[in-house]
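Colleague: Residue numbers (my numbering), protein chains in the order written: chain H, 1 to 267; chain D, 1 to 267; chain L, 1 to 267.
Where hints are given, some of them may not hold.
Any copy, or any two copies together, can satisfy a pair, since identical chains are not distinguished.
Taking lysine to aspartate or glutamate and the DMTMM-like style, the derived pairs with C-alpha atoms no more than 20 Å apart in a straight line are [unchecked claim]: (1) LYS179 <-> ASP143; (2) LYS134 <-> GLU12; (3) LYS78 <-> GLU49; (4) LYS98 <-> ASP71; (5) LYS98 <-> GLU137; (6) LYS134 <-> GLU49; (7) LYS98 <-> ASP68; (8) LYS134 <-> ASP232; (9) LYS234 <-> ASP46.
Think of the hints as simulated: they come from the structure by calculation, not from any bench.
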Amino acid sequence: MIEQLLEKVRREKPLIHHITNQVTINDCANATLCIGALPVMTHAVDEVEEMAAASGALVLNIGTPTPDQIDAMVAAGKKANQLNIPVILDPVGLGATKLRNDTVKMILDNVHISVIKGNAGEISILAGRGGTVKGVESIGRYDNIETSCHDIAKAYGCTVVVTGAADIIADSNRTLMVKNGDAMMGRVVGTGCMAASMLGCFAAVESDHVQSSAAAMACFGIAGQLAAKRNDIKGPGTFKAALMDELYNLDTASIEQYLNIEEVVTI
Amino acid sequence: MIEQLLEKVRREKPLIHHITNQVTINDCANATLCIGALPVMTHAVDEVEEMAAASGALVLNIGTPTPDQIDAMVAAGKKANQLNIPVILDPVGLGATKLRNDTVKMILDNVHISVIKGNAGEISILAGRGGTVKGVESIGRYDNIETSCHDIAKAYGCTVVVTGAADIIADSNRTLMVKNGDAMMGRVVGTGCMAASMLGCFAAVESDHVQSSAAAMACFGIAGQLAAKRNDIKGPGTFKAALMDELYNLDTASIEQYLNIEEVVTI
Amino acid sequence: MIEQLLEKVRREKPLIHHITNQVTINDCANATLCIGALPVMTHAVDEVEEMAAASGALVLNIGTPTPDQIDAMVAAGKKANQLNIPVILDPVGLGATKLRNDTVKMILDNVHISVIKGNAGEISILAGRGGTVKGVESIGRYDNIETSCHDIAKAYGCTVVVTGAADIIADSNRTLMVKNGDAMMGRVVGTGCMAASMLGCFAAVESDHVQSSAAAMACFGIAGQLAAKRNDIKGPGTFKAALMDELYNLDTASIEQYLNIEEVVTI
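If we strip away everything but chain H, and leave its shape as in the complex, we get:
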């Protein structure tokens, strides 16, 4: 299934419209291109509806929020909703400032989101269970994180993805654990943002967003594992370049060899 979805991304080359932060915008564009889709990044309120309408998915990332950009996110999101184009939300730093809390609320009040992806702190805070986010980093343990996912999924009618040592992918009743990835991914700024880009690429070609999200996180994680194993990797700088390489090189054989997904069955 995952190999077929990757093949579909590469065949259809969906346009993935990002409205995103200034820090990792280049990495998100390159990761999108490497996996086989077409990136476009623009936040001008005068064109985001038109660009979103031409896209296969819309990725909203609040890493460096400004008033104009937030307006653009809402406008693009509403247009995407009208046209049934999936919208991914990455609520970067939710809980760290009032602006981020207000921004996420404004987006969720105005736009139907297909997939919300965050770290454990952000997702726990969004579920109303509290948490700690230092800058954009999750701090502490979140033992009820699966329940938080299901609550958010029910409240917003969406799929929820929590990135971590194992990634959790859940809707209101299903939970998958993707155990791919490598610790080096946490030593590079923006791998969380790139994961949201991957979620967009796969959501554009598969309407079951638990499936599309599992495929996205598995492919991204396996690329990370392949990069980490390379003997030309000497630290986070060379690893980042290798991660892009391996998204581009990813093939069926590697997916079959490394794929590690479990369905969590609750009795």
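We have chain H; now place chains D and L onto it with these hints.
Modeller: Quick look at chains D and L alone, frame taken from chain H:
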């Protein structure tokens, strides 16, 4: 001739003022520094005239256009025109949205451009022959692209560069084809933007902009070929780093070995 | 001492809030993460006070200044001052335009800066001795640069860092020379900006800012030397990735082997 122009860039180190997009701004700055010029990137309307006046060339790229930035482009462009400083325009995504169409028109109505560089879709649209641009990517075939170049060159008194498997460089009566470059350059976001930076670097040291543009595209393409041949390249991530290396390392021997330019003679 | 400060950065993982330029924002974030601290980059005036208040240091860099961003710098800086959080200022391109001169004056009039870092041209201009800055590059020789440092240190009650072949670190009466680093660092855009990030990381864990700044510049310089010695380095592109690697890999043995600091004693 090309070797001499490269030597001149490195000796004079012209300041290349970019008003450009958020996605590839770092890559454009690094490519400019690697080839031997000095990059400066600023879009504050309060300083762009002063910065443009101190520069050897001005590069305008509408990849992530906003109203303030467009105002800055026009102000900087007018100042550059007054001082006879060449202006390069990269109409990124022309045809994809009304904002981009309006922005290009506003710039061309107010600023004399020395070199317009685009992909085939953008150039065909600019020439009034229509075309398809998906996000920022040219879609389809453009068999009349040379005629489009000549039409634009006549209409705006400029040189036109079309990037592709072979790059076309044309003014109203001459056409050169630069057949350097490597397919890997299309797998890295921003090589088109970096090409515009190169056009600025060489336009700053040579007033015949067919010559300067041919030198820029040849040097950039040869650097791409040298990067692609390296055995430490494993995909787009490592290729991108190698491309910067090879812009920096580019020498007369490599140019002589790889240079592949043809003049197209129309009877 | 330096090894202990590096260990403290890695143990405490201070949040380093940057309000910085669009060109090198990703590199600054990655360098901060590689050395062991936590980066956060945001410039929205609605959240910068809250983010600065949660941080261990605030880094202000005027590389691509806009009115909103300058307001955010002043607001964040005042909040940091109230809470005794050190503020680093990188007056990028001071002297190149009136906007940059006015911006630096506005920041210095409103915010107490702990460490000002610039190139020789910027520092000489700030000291009132004049100088030439082309874009963001220092041009010419500055024989009185140590005197300029002491004058600035006295005027603003701060530590002054001048980057160059040897880095100068001075307050009103002490002067240290850090002779680490490699010429390749000058071939990568943003190493000056990353140096300011390093100054922030170390200022967050050590209140003697001559000591913290010496540690920051020594660690950054040694990482550059280790990167330059690697046999997988083929130019500025691969060097940049290696620099990130070596910030991450930096250990006591390398510091002991390469550290080259002198105290300048004036009689």
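Colleague: The structure should be examined with respect to each hint, and the outcome stated for every one.
Modeller: Evaluation of the provided hints:
{"no.": "1", "hint": "LYS179 <-> ASP143", "verdict": "within (17 Å within a copy, 49 Å between copies)"}
{"no.": "2", "hint": "LYS134 <-> GLU12", "verdict": "between (39 Å within a copy, 12 Å between copies)"}
{"no.": "3", "hint": "LYS78 <-> GLU49", "verdict": "within (8 Å within a copy, 31 Å between copies)"}
{"no.": "4", "hint": "LYS98 <-> ASP71", "verdict": "both (17 Å within a copy, 19 Å between copies)"}
{"no.": "5", "hint": "LYS98 <-> GLU137", "verdict": "within (16 Å within a copy, 38 Å between copies)"}
{"no.": "6", "hint": "LYS134 <-> GLU49", "verdict": "between (33 Å within a copy, 14 Å between copies)"}
{"no.": "7", "hint": "LYS98 <-> ASP68", "verdict": "both (17 Å within a copy, 19 Å between copies)"}
{"no.": "8", "hint": "LYS134 <-> ASP232", "verdict": "neither (33 Å within a copy, 36 Å between copies)"}
{"no.": "9", "hint": "LYS234 <-> ASP46", "verdict": "neither (44 Å within a copy, 40 Å between copies)"}
Hints 8, 9 from the list above are not met by this structure, while the remaining hints are.
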